[in-house]
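Enquirer: Spelled out from the first residue to the last, the chains are:
2 protein chains.
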Amino acid sequence: MAPHPLSALSLDETNLARDVVKDSYSDVVIQFRQILLHEPPKSQVTAFLDLEHAGKVTDETPRPPRLALATYDVIGGTKFPEYHESIVDLREKKRVGHEVVSSDAHHGSLAIHEFDTLVQVVQASPLFQAKIAELDLPEGFEVVVEPWPYGAPDAADGRMRLFQALIFARDTRSGNPDSNFYAYPLPLIPVMDAHTKEIIRIEELATGGKGDPLTGKTHAAHILGHNAAAEYVPELLPEGTRQDLKPLGVVQPDGPSFSVTDGNLIQWQKWSMRATFNSREGAVLHDIRYDGRSILYRLSMSDMTVPYADARAPFHRKQAFDFGDGGLGHCVNNLALGCDCLGVIKYFDGVLVGSDGTATETKNVICLHEQDNGVGWKHTNWRTGRAVVTRRRELVVQFIITLANYEYAFNFIFDQAAGITVESRATGIVSVVHIDEGKTSDYGNVVSPGVLAQNHQHVFCVRIDPAIDGPKNTLVQEESLPVRLDKRINPNGNFYEIRKTEIATSVGLDVNSAAPHNNRVFKIQNNSKLNPISGRPVGYKLTPPPTQLLLADPNCTQSKRALFARHHLWATKYKDHELYAGGKYTLQSSLEVGGVHDAAARNDDVLDEDVVLWSVFGLTHNPRVEDWPVMPVEIMQLHLTPSDFFTCNPAIDVPSNKDPTSKQVGEVTEAVTCCKL
Amino acid sequence: MAPHPLSALSLDETNLARDVVKDSYSDVVIQFRQILLHEPPKSQVTAFLDLEHAGKVTDETPRPPRLALATYDVIGGTKFPEYHESIVDLREKKRVGHEVVSSDAHHGSLAIHEFDTLVQVVQASPLFQAKIAELDLPEGFEVVVEPWPYGAPDAADGRMRLFQALIFARDTRSGNPDSNFYAYPLPLIPVMDAHTKEIIRIEELATGGKGDPLTGKTHAAHILGHNAAAEYVPELLPEGTRQDLKPLGVVQPDGPSFSVTDGNLIQWQKWSMRATFNSREGAVLHDIRYDGRSILYRLSMSDMTVPYADARAPFHRKQAFDFGDGGLGHCVNNLALGCDCLGVIKYFDGVLVGSDGTATETKNVICLHEQDNGVGWKHTNWRTGRAVVTRRRELVVQFIITLANYEYAFNFIFDQAAGITVESRATGIVSVVHIDEGKTSDYGNVVSPGVLAQNHQHVFCVRIDPAIDGPKNTLVQEESLPVRLDKRINPNGNFYEIRKTEIATSVGLDVNSAAPHNNRVFKIQNNSKLNPISGRPVGYKLTPPPTQLLLADPNCTQSKRALFARHHLWATKYKDHELYAGGKYTLQSSLEVGGVHDAAARNDDVLDEDVVLWSVFGLTHNPRVEDWPVMPVEIMQLHLTPSDFFTCNPAIDVPSNKDPTSKQVGEVTEAVTCCKL
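In order, the protein sequence lines correspond to chains A and B. Using the UniProt record's numbering, read the first sequence as starting at 1 and increasing by one per residue. Using the UniProt record's numbering, read the second sequence as starting at 1 and increasing by one per residue.
Copies of one chain are not kept apart here, so a pair can be met inside one copy or by any two copies together.
Below, computed lysine-lysine pairings styled on DSSO-like, alpha-carbon distance capped at 30 angstroms:
id : residue 1 : residue 2
1  : K560      : K197
2  : K529      : K500
3  : K210      : K529
4  : K346      : K246
5  : K22       : K93
6  : K575      : K94
7  : K439      : K210
8  : K346      : K658
FYI, nobody ran anything at the bench for these hints, they're computed from the structure.
Looking at chain A on its own, in the form it has when it is part of the complex (with noise of 0.2 angstroms):
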């Protein structure tokens, strides 16, 4: 039988695919770097899911072709790799659309094996080798060289396609492979030109602090004569690890409340939805229902940016799209049992494939589990003395990734009265560069002696289609603004207006001047079904973080590559395959092109329309000492709530058992649950 629409390629399709690629060409070589699902137009898949959903899918039901995204060079024929992007159809086998891409328009993704190179590349460097004799490391210090994309490239440089490198030296005293290194950094950049494959220049970094001109050299002639040791793993700790913390687990003698059949339909607590993996985007919810009514068609990280604000060159090219320039397949974690969550998890496995085109399963990218999250509701009578109250379940799709020094955890958790939280977790090892000894600076801090973790910022995009009782939504703007005291309309001065704006025109929309005064919030509603109880239109709410946007100058190439990031919130007419906040390309780019701030710009009517909204939240993260040498997570959240979408509140069912397992402390008093007012 035909795989589910909304299933991710298997193992078997996307080798298919490869095969279909390469028997496109003779005496060439293809050098693959993603092989994704194209999925099927939203007209055919809903189709389908009104089919599904009615009961009504047999063998015989239509389905959407299958189609793969294959992406991959072709070597041979002319003097550089020819970049070439295909459609096959699974099920004819055959190339349905293909592209060459011209490096003077974009640059494909990055690929892991032009990181190797890179590696490589620049160890064998006989220039490299000598800049490093120049810094005189210490006894039993080695190079490591960290790859980087190479961020936007200034004039000079052309169309080239380039790779940066971050170098650090690692103490190989301890004999211990994972001693941190970042403690140890190098005031070098090399920079190849990934088709040549050579070296064309070598950064020299400035090192100085405040006062200190934006180029040349002042560090000292040992270059690491004032760094220390900055452990993490346990083993390295001078300390050790601290020993009172005691075991705290999480037991579900029963079993999760979650199941997940055909293969990944996930159903909990009145939920369902689909989950699937990809290598550009992580993991992927869809067709994400509540007691049966759709809400969400598609939810998804659709990219991020971490610009640093360093504004000694070349630090303005440190600039990560961590999802857009490579994908994060090759970068997701393997997650561990009992590690990154507790209690009863089930995890997904997702598919890469290597630069031959081959798929390989990788384990464990998604877990899914439940967690407690304290007091769900909670009433009590004080007539009586009666207090109802119930837990807050939660159930958590997580997956992490590791871009070189930093990872974060993204988590999409639903809860039983109907939320969605899209939450992330920013954690792992800043980003840093040598400073000379004494000094500090207006670019970061000094989290270690000669280490300098540079300001930057973390702008995260969440893509969320909606389906609020079908494909038809609105988004509405509301406010809740101050009205002056009016014996009329306001004699007591208590009153406030709600203020409601229908956004007509696909935009992009802020919280940010005025958030504490207006209160704006916005709802995605289905104008066409009014609720019940209220009168209103059935919705969801939507709080957009009031955090700070992206503050590059407005001219600069950062900020032009990141339109995106520009504004809080983007409503855009649905599109297919228009999914990347910040452009299919990014890697090297100038400036977003096909992103969300183009999808604006289209002016497309979005009044009682298939409506995406993209959510732009982050992080301006001024390291503080405390984030060394591995940082607290740092948490941020977005939350999507009903609102007159039910006609009560959906946990009102959940049940308010007493939990057997806690225990007391101390005396066992008769615990009475009342209020004595």
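Start from chain A and add chain B according to the hints.
Expert: For chain B alone, kept in the frame of chain A given last:
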């Protein structure tokens, strides 16, 4: 041995205070309101704490006097009761302070016996009975009288001490005393003179909708004809509780990681603090330290206000100060094992007094437990595949209060990375009034037939008395600000500036008008101590949530009696016993007196001084149908995190042990944790 200066009044001490007060009078009746610890001057406490933390306290160490504040009415000599306040020295067994507070100036806080009287007087009132008869309640419905504080008096009310009652009807036919009467609001508010114990008037409430006038009767003859049941106790739910939620328990086989000694000294994961309970503020934490270093002298919920926005009189008088009006002592929940938190719980009891001043113990008013909150920090070395991941364990000090229809859970949360979170969870039943069939309103939302949930705000104030490595601290406003392209200082446009402004004079500050553009945060730092790594003053970062401030017209009473709600963060100079943001007397106040607004208006110098911070945040709550009949928790959080206080991540030594109790669904694979980049 004398009690620790940071311990709450014991039962015996409270009764002793009662006796000393009563012995000061003859031939009168003394009716008590509250008996609270009158905390010793900070100078005396810190002198003691310095010795204590140096291990030098002996039985002979001088201790501050134990003082109690008793508030009470003297009934006898004059026509009306007189409100008195006395300070009692418990060692000397005598009054050392005494004041008669005129009702021309302030009203004493409400006492439970006044609410009991109100209910009786309303029910017995022939006028009230006649009004009820007019409403022609259905067979089997009985009247429920819900006592409320009166809010701000109107000019005509003079200085009378008044109480109001909201009126509901309860369907008795189920025989279940917890059938939800809030589903049947009646349009009457009787007002009682507390001294004469007479109903002075009964307000007849408008029940109209959009377009209807602000006053006047519009409701149908059989007023409850269109209302419907809205039950929340499980046995009354029409479809019962959901049956597919499987148990999830928290087990701590070796017990908790915390200890509680000396009555109230909590020690956990390098943290130490003392917890007390009093009937005005609930749980209060004192002398909070991490690894022996002082962070906060005192942390407490100071007050809150809940103004309602319905323009129709007398709804402007729906404005509770849930801490100030009567203290929350009699509203505090006695927490139950296995309900209000999971795991191994330590409960603390409290002391309350009745109208005769006799102290009673109230059990389990604070609970202390640990919780897991996901990944704490993680880093994977992609070269070796080695992942180090720790869990984020938290210690929670929780108390929950019920205020008639509504509940709040307050959590002080401590984490291993030395962060403090103050969390407020709003739940319970939203306050409702009657609305005619088929109408909708600008003043709220119809959440059940005939039931209008009025728009309102919750504005909280947390009092933070910092002691960052000592009492002399400075508040610093820190903003991240854009910088224009400039070849001298910002050649690539990516630089942004961090601007720090020391707050020299007591003041109210906002994060409102430009929060996302300036990323305004605050640091409380000790300028006399520099971090040895970064060279910056040691400090803690405070991130005031950029939530909406009070919306009421600044010239109306609702606004003037809650001046504290006009700014997000107040900085004042410490003054003994200045604890309450809304002032000591909020019951029936017309203006905030002696609150944080007045404290800031002293224009005290707070640079390198004993500065106190008051963080104001809240929720503009425009109810949704999903808030009915009991609302899912709305969670608000305030974060305090170390910022260059330590020399590295304080949680770096947290062990990364695998949890042995976690289980995997389905086929068990050999999970590796690595990044394959």
